[in-house]
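J.: Using the sequences and the accompanying hints, generate a full structural model.
What follows is each chain in one-letter form.
There are 2 protein chains.
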Amino acid sequence: MDLKNNLRTETGWEVIEKSFDPAQVVTTGSNFMIGNGYLGYRGTFEDWGPDEYVACIVTDTWDQAEGSSMSELCNVPNGLYTALRVDGEPCSLNPASIRDYRHQLDLRYGVNTRSVVWEGQNGQKIAWESRKFASSHNPHLLVQRYRFKALANGVVELKTGISGDVWSLGGEHFSQCIPLEFANGLLALSLETRETGISIAVVEGIRLEGKTPEKVWTSTEGKSIFRIFRFRMEAGEDVVFEKVVGITHSNEVEEPLRSAREEVSDALDQGYEALWTAHSKPWEAFWDGADLQIEGDPEAQVLARFNLYQSYIATPTHANLPVGARGLSCQVYQGAAFWDQETYNLPMFAFTHQEIAHRLVAYRYDTLDGARRKARKLGYYGAFYAWTSGKTGDELFPDFFFTDVLTGRPIRNHFNCWQIHISPDVVYGIWLYYQASGNWEFMLEQGAEVLFEVAQFLVSRVHFKMDKNRYEILRVLGPDEYHENVDNNAYTNYLSQFSLVKACQVFDRMKEEHPGRLAALLEKTGIPARAREDWNDIADRLYLPAPDPETGVIEQFDGYFGLEDIRPDALRKRLIDPGEYWGWPNGIAVHTQVLKQADVIQLLAMLDGFPKEVLTANYEYYEPRTEHGSSLSPSVHALVACKAGHHEEAYRYFLESATIDLYNASKKVMSGGSFLGGIHTAAAGGVWIIIVRGFAGFELTDAGVAFSPALPAHWKTLRFALKVRGCRLEVVLSPNGIRVHGAPENPGKIHIRLPGAQAWVGPGETLGV
Amino acid sequence: MDLKNNLRTETGWEVIEKSFDPAQVVTTGSNFMIGNGYLGYRGTFEDWGPDEYVACIVTDTWDQAEGSSMSELCNVPNGLYTALRVDGEPCSLNPASIRDYRHQLDLRYGVNTRSVVWEGQNGQKIAWESRKFASSHNPHLLVQRYRFKALANGVVELKTGISGDVWSLGGEHFSQCIPLEFANGLLALSLETRETGISIAVVEGIRLEGKTPEKVWTSTEGKSIFRIFRFRMEAGEDVVFEKVVGITHSNEVEEPLRSAREEVSDALDQGYEALWTAHSKPWEAFWDGADLQIEGDPEAQVLARFNLYQSYIATPTHANLPVGARGLSCQVYQGAAFWDQETYNLPMFAFTHQEIAHRLVAYRYDTLDGARRKARKLGYYGAFYAWTSGKTGDELFPDFFFTDVLTGRPIRNHFNCWQIHISPDVVYGIWLYYQASGNWEFMLEQGAEVLFEVAQFLVSRVHFKMDKNRYEILRVLGPDEYHENVDNNAYTNYLSQFSLVKACQVFDRMKEEHPGRLAALLEKTGIPARAREDWNDIADRLYLPAPDPETGVIEQFDGYFGLEDIRPDALRKRLIDPGEYWGWPNGIAVHTQVLKQADVIQLLAMLDGFPKEVLTANYEYYEPRTEHGSSLSPSVHALVACKAGHHEEAYRYFLESATIDLYNASKKVMSGGSFLGGIHTAAAGGVWIIIVRGFAGFELTDAGVAFSPALPAHWKTLRFALKVRGCRLEVVLSPNGIRVHGAPENPGKIHIRLPGAQAWVGPGETLGV
Ligand SMILES: [Ca+2]
Ligand SMILES: [Ca+2]
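Protein chains in written order, with my numbering: chain S, 1 to 769; chain B, 1001 to 1769.
Take the hints with a grain of salt, since some may be wrong.
Unchecked claim - In silico EDC-like cross-links for lysine to aspartate or glutamate, where the CA-CA straight-line distance does not exceed 16 Å:
{"#": "1", "chain 1": "B", "residue 1": "K1465", "chain 2": "S", "residue 2": "D537"}
{"#": "2", "chain 1": "S", "residue 1": "K159", "chain 2": "S", "residue 2": "E214"}
{"#": "3", "chain 1": "B", "residue 1": "K1468", "chain 2": "S", "residue 2": "E129"}
{"#": "4", "chain 1": "B", "residue 1": "K1125", "chain 2": "B", "residue 2": "E1089"}
{"#": "5", "chain 1": "S", "residue 1": "K468", "chain 2": "B", "residue 2": "D1534"}
{"#": "6", "chain 1": "S", "residue 1": "K612", "chain 2": "S", "residue 2": "E550"}
{"#": "7", "chain 1": "B", "residue 1": "K1468", "chain 2": "B", "residue 2": "D1537"}
{"#": "8", "chain 1": "B", "residue 1": "K1004", "chain 2": "B", "residue 2": "E1656"}
{"#": "9", "chain 1": "B", "residue 1": "K1465", "chain 2": "S", "residue 2": "D534"}
{"#": "10", "chain 1": "S", "residue 1": "K465", "chain 2": "B", "residue 2": "E1472"}
{"#": "11", "chain 1": "S", "residue 1": "K465", "chain 2": "B", "residue 2": "E1089"}
{"#": "12", "chain 1": "B", "residue 1": "K1465", "chain 2": "S", "residue 2": "E129"}
{"#": "13", "chain 1": "B", "residue 1": "K1125", "chain 2": "B", "residue 2": "E1237"}
{"#": "14", "chain 1": "S", "residue 1": "K149", "chain 2": "S", "residue 2": "E129"}
{"#": "15", "chain 1": "S", "residue 1": "K18", "chain 2": "S", "residue 2": "D100"}
{"#": "16", "chain 1": "S", "residue 1": "K465", "chain 2": "B", "residue 2": "E1295"}
{"#": "17", "chain 1": "B", "residue 1": "K1377", "chain 2": "S", "residue 2": "D558"}
{"#": "18", "chain 1": "B", "residue 1": "K1465", "chain 2": "S", "residue 2": "E10"}
{"#": "19", "chain 1": "S", "residue 1": "K377", "chain 2": "B", "residue 2": "D1558"}
{"#": "20", "chain 1": "S", "residue 1": "K465", "chain 2": "B", "residue 2": "E1237"}
{"#": "21", "chain 1": "B", "residue 1": "K1377", "chain 2": "B", "residue 2": "E1355"}
{"#": "22", "chain 1": "B", "residue 1": "K1211", "chain 2": "B", "residue 2": "E1234"}
As the list claims (entries may be wrong) - Short derived list, chain S residues pointing at chain B, Cβ under 8 Å:
{"#": "23", "residue": "L406"}
{"#": "24", "residue": "I411"}
{"#": "25", "residue": "S460"}
{"#": "26", "residue": "H463"}
{"#": "27", "residue": "F464"}
{"#": "28", "residue": "K465"}
{"#": "29", "residue": "L474"}
{"#": "30", "residue": "R475"}
{"#": "31", "residue": "P585"}
{"#": "32", "residue": "H591"}
Just so you know, these hints were derived from the structure itself, not from any lab. Predicted model, so just to flag it, every value in this text is computed and none were measured. For each residue, glycine too, the CB sits at the ideal point set by N, CA and C.
T.: Next up, the structure:
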């Protein structure tokens, strides 16, 4: 079927670009990318360079480029560089010379394929096709099969190798770049990063089939190394080569260059088909656990899979590392984790692939020392997680980020020091993983330490209001970044209480069941045993802005209702420059009720137990006041619209969230006009949340699993699987009902509640209504 | 002697403008003004109008002009309007036509005199002189004697009456303006203010002497009414008239027009000499109490008197009304009291004219309800005094005041809601008055109620930090307005503790001595008796930023030392527009240590008991970081420089403070380029503080009076009187020592401590070293 934005799909498992559109280079490069959580390779053409945003972003390579004060992941040299010339004319892609074109992303296996028929200015004609994937079996490897076929007689020059001429957002990262050619024919660039001194190796090898070249030579040009093959070809002749690129770095292996050489040699020996077979298995396992099958809405089907695909390739599965806010699609947002990791990216993995979810929560444990350092630096104690968290968990977000486009002055935003909900959000994520997996040993070994240190941070952060007999949390920034410097932000206060309660629960269970391990943890962390009483006291007396008794609306923060009540569209007219930041310190939204995203909606999306009237009242109050300046906003609106009974709006927000990237629907420009491409991984994660938690109404409580479906009216069926505490549940929804089937291999019974029926469902059993 | 800025003095009792300088119209109009605390009449020429900032500002006439949202005092029509024409040519002041010129302000009696010899384009020649004062006996009256003399034959037309064509900062205030001519020859304008509906009457009468006019007629022109006299004059002939203008309004008298008519008629009957005699007595009494006699520094002498003069005429003595930040010299700052009233204006009166000081503190009692309303409106209780306080004490300061000159956007400053030190400052003033006067009955009747309500406000405002076992005061703005939104501002916290301690002391003494009155007060205010324990607890555990153990420096607020450490001159280079506001939200000083004024210096100037090392350390730290963007800044620097032993700098800051107005030294432009004229009454009050508290080292403690002199090296003597608890002390300092004489009429002994001597000094006794 045809999709928007010049796209179509055939089976719901692929996205096809209908024709070449040079204006969409940024968007297509992100959407058609391949990756494996270790590296991301943009969906660009083989002969492109920095102007077309060619990038292969590698995780765990944080470095500050020359002249920059921002750490970012490196975009390494492009080992898949390949260019053709026919009779001296480069086979450049321009609409006038393209006779046939197909560009496809295969979602099931993460394969990017492209075929072109090209005609030159003097009648030259050639066809080529490439097919590439980032190995899911060995994440260091990019594998490509490339074929070209002369459609007229001519001299064809094939130039292929490693191009160092790639885009880098922050500037030059490599202080050293040594081109190497090895006796066995492999090419390599041996690099070293400027600030952090990481050694990175990019090794390339090819295996040529078919016609023998007339001449072959090697060329080093600047920071690049190529091999050039010259063929005198007759119409109908073709050449095929397989290429393997290996990328390793010293944060991961002892000797990057040697490892990469060995892996590339070995891979070339195995050959494309063997590499493909190894690669395909993890993908099949991924879809077996995570696929969302939708009948009756082919657009929704492909959108769901596209977002699952992007979620998966953005997430490191080989090590405990963060999910970047733009994944590995570009260097924007520093390849670092934000609060979105726990609130948007984690849920899908927590209920489908717990081994990956475990990596994400373990990453937060691994970065606890960074969070401790941040807390101490700001005058607190415990763990204050970084707003922008890389390898160590030290704060990467700079004090000055935006520039005031009207004056050119830097703006001091306080995302790094006032957006304290990040710490409770980390606890939320740990609790979610623990609830889903039942992994109490993880909690004992790692989770409890995070929970306790976050609780301690809150002890050091809250203030007590004597005359009101309550704790307050002052001067914060909620998820709604247009209102800095507010008190008693509803989201922050509720989530803080949540994390204090969980800390107390874990403390109590450890005291009961594992007193020795509790004592050891307290000794290790220096937390006094009586701290648990502080946590409990704060949880007890922390001010939680309640639904207004008359309207049911929860005030986003103290004084919010007193701000100017204007709507986003009317407010937008006050912009002097369209690139202005709307928030602190003097943006147009600051003194108004207009929100970047609605914190109360976010809260209602995350914590269960609010009555439906409250959900409805808050949805109806906040929705028209929300500008959706964040890509995180539509998905929680979709979810809460579901719960609030606004089904059409829920579907509209689902579409909005699911198409932010694919339909290039995110037109938001950052202040200062920074690069705006890249995959919005939180929105991608949000699509699973909307479908499973919203449309299927899935909820996990201490009692078990519950569903309150609100299926879009035109969907015939929705099928998906969940993993809960060791049990696989297969769920089928239709307009007539819902069936939940316990997989035969399940270790035991699990309690399921459906509208009008509930039961303990054992292995192989089904509950349906 | 010659002074700067085209001025000179002859005896130290007058300021003389040496020649007419049209460029100084704004400055001279303020400096040469006359007044009596009820009205201020700028030192402008009789025939001038709005372009020359003619103004007669009348207290207690707050009104919002058409289209304005700011209350300000009215500038009433100019009853002293007088213009001459000779042979049809207006005798306009332009340097080409002036043959002789003298403009003098007599400080001793508040008289403005001017004489001009004028020559026309056709050889006309005339001399005139005027002499005017604002009666100190009946403050409704302006009295003038005007004489002109033909120096060549010609037809002279004298036009005199009431001109409504005057400057008004905020716009038109009068919705009604009826010109009236009465049978007894009086002219009047009967006015009504637009917003507040105040009736104002301006009545004028003259008594003509000498030559009889050829023709007399009356003319109403717009909002003016004049009488025109035509004389055919020969060289040498002269005409003299006396004019009395009466100004009353309905906030003060029942029937303004009738009162003013009666008062003007009566005054004209009495005649100029009788009016002068009555006027001179309050002035003699003022100087008897307040004069600062300096031998050896004639410039300092006239500067001291000029500032005392301006302090006196700015201060309402007829009613409990505020001292405006620009007195009655113009409409800037809304004619309203700021915290300067207690900290800069009050001290001189408290130790020289306690009946006037009493009016100022009684004004704060009268406006307690306004302070209560403000507290409630912002979610607190008790008394949160207005940052900008007019008649009722309700907040006059708008939420949006400055405009960002770079973007044209309004700036939300938080002077009104975060500068909470105003309430402790009011307590400081009450305590100062009480200490100086010993007026315990005032404390019982009015002061205690203010102290208790301010203490209650603090209870509602502070937060307790459980883990640090201390109270904190968060999100404030100290006197240094470049740093909004700070925590634990040293000045605010110390002054808050001061006011809580005083509230407890008064509570305890009332409980002991006047339990019935205490009970009545608690019942009236609804303050529970246990509140006293809260006050004590907060005073006890309130965090007071202490001098750093190593450096002795007190941190101005939490995190101040971590800000960029740059000097004001270097910082100034970052301005894009010279009119930019330096402070919140994104001004150049916000993220630096550069201060508008130094809060710690202010604190050390006001509260005694800090060791000299601390004074020195803080002076040396903060002085180079202070931009002195406030006219309040130099005087506290002078005072603390004295105490810190930096005598030359103390004298330099004394000169700076004393000449802000007279030498037109205040070049500061407000953001948005508002009018910048007017008398800086706080700086005027500060001059007394520098000389008496700084150079003479006067201090009043519970034990008595002490002096630690630090006389400028070139001063031969400094003489002044003080009034302390009913005793008049006459103080003489010289480089050799100090003598303090108790006046014979003193009711008892008072304890005096001098360097190296102390004694109880009885009536007629002297202690000297
Ligand atoms: Ca709507
Ligand atoms: Ca200095």
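J.: Could you run down the list of hints and mark each one as holding or not?
T.: Hints versus structure:
1. B:K1465 with S:D537: Satisfied, since the Cα-Cα distance of roughly 14 Å is no more than 16 Å.
2. S:K159 with S:E214: Judged against 16 Å, a Cα distance of about 14 Å means the pair holds.
3. B:K1468 with S:E129: 69 Å, violated
4. B:K1125 with B:E1089: 11 Å, holds
5. S:K468 with B:D1534: At roughly 13 Å apart (the allowed maximum being 16 Å), D1534 (chain B) and K468 (chain S) satisfy the hint.
6. S:K612 with S:E550: 15 Å, holds
7. B:K1468 with B:D1537: Holds. K1468 (chain B) to D1537 (chain B) sits at ~15 Å (cutoff 16 Å).
8. B:K1004 with B:E1656: 12 Å, holds
9. B:K1465 with S:D534: 12 Å, holds
10. S:K465 with B:E1472: 10 Å, holds
11. S:K465 with B:E1089: 74 Å, violated
12. B:K1465 with S:E129: 67 Å, violated
13. B:K1125 with B:E1237: 12 Å, holds
14. S:K149 with S:E129: With a Cα-Cα distance of about 9 Å, the restraint between K149 (chain S) and E129 (chain S) holds, given a limit of 16 Å.
15. S:K18 with S:D100: 10 Å, holds
16. S:K465 with B:E1295: With Cα atoms ~57 Å apart, K465 (chain S) and E1295 (chain B) exceed 16 Å; violated.
17. B:K1377 with S:D558: 13 Å, holds
18. B:K1465 with S:E10: Status violated; Cα separation ~62 Å.
19. S:K377 with B:D1558: Holds: K377 (chain S) and D1558 (chain B) sit about 13 Å apart, inside 16 Å.
20. S:K465 with B:E1237: 81 Å, violated
21. B:K1377 with B:E1355: Between K1377 (chain B) and E1355 (chain B) the Cα gap is close to 34 Å, so the pair fails against 16 Å, i.e. violated.
22. B:K1211 with B:E1234: Holds. K1211 (chain B) to E1234 (chain B) sits at ~11 Å (cutoff 16 Å).
23. L406: 5 Å, holds
24. I411: With a minimum Cβ separation of about 7 Å from chain B (threshold 8 Å), the hint on I411 (chain S) holds.
25. S460: Holds - the Cβ of S460 (chain S) comes within 8 Å of chain B, reaching about 6 Å at its closest.
26. H463: 4 Å, holds
27. F464: Status holds, d = 4 Å.
28. K465: 6 Å, holds
29. L474: 6 Å, holds
30. R475: At 6 Å from the nearest chain B Cβ, R475 (chain S) passes the 8 Å test, so the hint holds.
31. P585: 3 Å, holds
32. H591: This interface hint holds because 6 Å falls under the 8 Å limit.
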